[in-house]
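K.L.:
With the hints as your guide, set chain B onto chain A.
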Amino acid sequence: MASGLAALAALAPLRELERFTSMDEFLQKHYKELSPDEMSKVLARIEDEVEQAYGQRPHVRDLKPMNGVEFVYALNLTRCVGCRKCVHACVAENNQSRTPEIQYIRVIKMPNGTFDLERGDHSYEPETVPEKGFYYMPVQCHQCRNPPCVRVCPVQATWQEPDGITVIDYNWCIGCRYCEAACPYWARRFNFTKPSLPKEQLNPNMAYLGNRPRKQGVVEKCHFCLQRTRAGRYPACLEVCPTGSRKFGNILDPQSEVAYILKNKRVFILKEEVGTLPRFFYYFDV
Amino acid sequence: MNSNSKATVVLVGFTVGFLVLQAAFLGDWWGKPRPLHEIAAVPPQFTNTATVRVSAKQLLASGGDTSGQDCYACHEKGKTPQVHIDKQGKVKLPSEHEDLVVHHGRNDRNNHCFNCHDPNNLDHFVTKNGSYLKLQEGTLLCASCHGPTFRDWEVGVHGRMSGFWNKANGDVTRQDCTSCHDPHAPAFPPVKPAPGPHPLRAEAVHVHSPDTKD
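Chains A and B, in that order, give the protein sequences.
For what it's worth, the working numbering labels the leading residue of the first sequence as 2, then goes sequentially.
For what it's worth, the working numbering labels the leading residue of the second sequence as 596, then goes sequentially.
Check the hints yourself; a few may be wrong.
[Stated by the list, open to error] Lysine-lysine pairs mimicking DSS-like chemistry, simulated, CA-CA at most 30 Å apart:
id, chain 1, residue 1, chain 2, residue 2
1, A, Lys133, A, Lys216
2, A, Lys42, A, Lys195
3, B, Lys627, B, Lys674
4, B, Lys674, B, Lys685
5, A, Lys266, B, Lys787
6, B, Lys723, B, Lys687
7, A, Lys42, A, Lys133
8, B, Lys729, B, Lys652
9, B, Lys627, A, Lys266
10, A, Lys266, A, Lys133
11, A, Lys264, B, Lys762
12, B, Lys601, A, Lys266
13, A, Lys42, A, Lys65
14, A, Lys195, B, Lys687
15, B, Lys652, B, Lys723
16, A, Lys200, B, Lys685
17, A, Lys216, A, Lys42
18, B, Lys685, B, Lys729
19, A, Lys133, B, Lys787
20, A, Lys216, A, Lys200
21, B, Lys762, A, Lys65
22, A, Lys133, B, Lys687
23, A, Lys30, A, Lys42
24, B, Lys729, B, Lys672
25, A, Lys264, A, Lys33
26, A, Lys200, B, Lys627
27, B, Lys601, B, Lys787
28, A, Lys30, A, Lys195
29, B, Lys601, B, Lys674
30, A, Lys133, B, Lys685
31, B, Lys723, B, Lys672
32, B, Lys682, B, Lys723
33, B, Lys674, B, Lys687
34, A, Lys216, B, Lys627
35, A, Lys216, A, Lys65
Keep in mind the hints are simulated off the structure, nothing from the lab.
Next up, chain A with everything else stripped away, as it sits in the complex (with noise of 0.2 Å):
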């Protein structure tokens, strides 16, 4: 009897296991399982929840993709200063945890004259940049045509959209972090602890595939901010950027600078030998 008690007891730090918050929650079906109805349930109780957290009411749209689109993300190496404001600005829109700190963005330093990210530094704190003799590189989610992350997901927690984007149900997301092993560009991050957010810093307005707020437990990353970028806004990343280094767009439009950028300028890709085809693109202006 001792032992049971004992056993019992060992299970003690489930008391602060907060995913349960609700049973709705717990039997909320696969994404792409529920019926229009259902999920206007759940958006209702989404925005309950987060208003139950942070005290104002969100707006949580389920967006879906446009007809005719798939996106593009273009980087010109030659611009890129180094500032880092893509990866605070990402933060500011996507409601990530600040301590401790998510951010989807890395802007990697890399000397002149190689792709060795062996050499890279994503540490780099000077006084101004850029420096002398280096270039620098953002990396975030790249959506590839070929995703690792989604082919090892036991669940299918995680599956690409028709227009490219790589998305995460976090409600089905079981956080076993295959995802995160998978992809080569290291782009997932895992909530390992509770996500603190301030309530003042809380952006309202959500999508349920995008910048709803995540639970401890679940994996996260870049998805082109896609309340935005469905809506037919540009990316907050690229909004911030100070000289225009980030490009984003429609491939499938052949007006767009994306297009522009792939017939024109000298574009190559990160990993090109592990075959994940991504769909973001760098290149140099000169």
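P.N.:
Then chain B, alone, in the frame of chain A:
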């Protein structure tokens, strides 16, 4: 000791052991996670979408102080100002324009004032082929020499194009050249970077690659 009392001792021992374990689990005697240091909020300048400068066109549109653009407040109409060149062939600015820093072109080769400013009509620009441009049309003046960059700018590939990528939803906003580039010293100024990432481990290991200087 007979086997009965040995069994009793062992059982009592186990019971006590399990009760101690139970107390340990309930009381969190070990395995408590270390409290995380609060990471300071990033200063608001790093999420500000404003451009680094304000162009003449932006200034005029916003109704700001344009007294600095009124050349004839000091200059006499009809009188061409003199541009002084020193012994090394460099343009020497008069004391009234000392606040200007002029470094245009490789080795300052485009520093002469009248390469852009019309000497006879100071509130206009003049391009190499002799056409006149107003102060708000500075972008076309830059384009008269920087053609490939201007072509990229028109498409939206040079400089930031913000707003809506989907024309059906809204318009794009393209910045003027002088919203980012000081026309007299156009090289993009160095900026202070935002702080680097804070890893989860409390004792952060600062990675030194062999090429960084620190």
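K.L.:
Would you mind marking each hint as holding or not holding in the structure?
P.N.:
To see whether the hints hold, each was checked on the structure:
Proposed proximity of Lys133(A) and Lys216(A) is contradicted: the alpha carbons are some 42 Å apart, above 30 Å. For the suggested pair Lys42(A) and Lys195(A), the alpha carbons sit about 25 Å apart, so the restraint of at most 30 Å is met. Distance restraint check for Lys627(B) and Lys674(B): the Cα-Cα separation of roughly 81 Å exceeds the 30 Å cut-off, and the hinted pair is therefore not satisfied. For the hint pairing Lys674(B) with Lys685(B), the CA-to-CA distance comes to about 23 Å; that is within 30 Å, so the pair holds.
Our distance criterion of 30 Å between C-alpha atoms is met by Lys266(A) and Lys787(B), whose separation comes to about 29 Å. Between Lys723(B) and Lys687(B) the alpha-carbon distance is near 22 Å, which keeps this suggested pair within the 30 Å criterion. Of the pairs offered as hints, the one joining Lys42(A) and Lys133(A) is violated, with about 55 Å between alpha carbons and a cut-off of 30 Å exceeded. The straight-line distance between the Cα atoms of Lys729(B) and Lys652(B) is roughly 10 Å, inside the 30 Å bound, and the hint therefore holds.
In summary, the hint linking Lys627(B) to Lys266(A) is not supported, as the alpha carbons are separated by about 53 Å, beyond the 30 Å threshold. A distance of roughly 24 Å separates the Cα atoms of Lys266(A) and Lys133(A); the hinted pair therefore holds under the 30 Å criterion. For a cut-off of 30 Å, the pair hint linking Lys264(A) to Lys762(B) stands: about 21 Å separates their Cα positions. As the CA atoms of Lys601(B) and Lys266(A) are separated by approximately 84 Å, the hinted pair breaks the 30 Å bound.
About 17 Å separates the Cα atoms of Lys42(A) and Lys65(A), which keeps this hinted pair within 30 Å; it holds. For the hint linking Lys195(A) to Lys687(B), the alpha-carbon distance of about 62 Å lies beyond 30 Å, and the restraint is violated. A distance of roughly 22 Å separates the Cα atoms of Lys652(B) and Lys723(B); the hinted pair therefore holds under the 30 Å criterion. At most 30 Å may separate the alpha-carbon atoms for a hinted pair to count; Lys200(A) and Lys685(B) exceed this at roughly 57 Å.
Only pairs whose Cα atoms come within 30 Å are accepted, and Lys216(A) paired with Lys42(A) is accepted, the gap being roughly 19 Å. Using a Cα cut-off of 30 Å, the hinted pair Lys685(B) and Lys729(B) holds, with the two alpha carbons roughly 27 Å apart. Restraint check for Lys133(A) and Lys787(B): satisfied, since their Cα atoms lie roughly 14 Å apart, inside the 30 Å limit. A hinted pair counts as satisfied when its Cα atoms are at most 30 Å apart, and Lys216(A) with Lys200(A) qualifies at roughly 15 Å.
This hinted pair checks out: Lys762(B) and Lys65(A) have alpha carbons roughly 18 Å apart, not beyond 30 Å. Distance restraint check for Lys133(A) and Lys687(B): the Cα-Cα separation of roughly 29 Å lies within the 30 Å cut-off, and the hinted pair is therefore satisfied. Between Lys30(A) and Lys42(A) the alpha-carbon distance is near 12 Å, which keeps this suggested pair within the 30 Å criterion. For the given pair, Lys729(B) sits about 17 Å from Lys672(B) by alpha-carbon distance, which is consistent with the 30 Å threshold.
Between the alpha carbons of Lys264(A) and Lys33(A) the distance comes to roughly 36 Å, so the proposed pair goes past 30 Å and is violated. Taking the CA atoms of Lys200(A) and Lys627(B), the gap is near 27 Å; set against the 30 Å cutoff, the hint holds. A distance of roughly 75 Å separates the Cα atoms of Lys601(B) and Lys787(B); the hinted pair therefore is violated under the 30 Å criterion. Distance restraint check for Lys30(A) and Lys195(A): the Cα-Cα separation of roughly 23 Å lies within the 30 Å cut-off, and the hinted pair is therefore satisfied.
For the hint linking Lys601(B) to Lys674(B), the alpha-carbon distance of about 118 Å lies beyond 30 Å, and the restraint is violated. Distance hint between Lys133(A) and Lys685(B) is fulfilled; the C-alpha atoms sit about 26 Å from each other, no more than 30 Å. Between Lys723(B) and Lys672(B) the alpha-carbon distance is near 23 Å, which keeps this suggested pair within the 30 Å criterion. This hinted pair checks out: Lys682(B) and Lys723(B) have alpha carbons roughly 26 Å apart, not beyond 30 Å.
With a CA separation close to 19 Å, the supplied pair Lys674(B) and Lys687(B) stays within the 30 Å bound. Pair hint Lys216(A) plus Lys627(B) holds up; C-alpha atoms about 20 Å apart against a cutoff of 30 Å. Taking the CA atoms of Lys216(A) and Lys65(A), the gap is about 23 Å. The hint holds against a cut of 30 Å.
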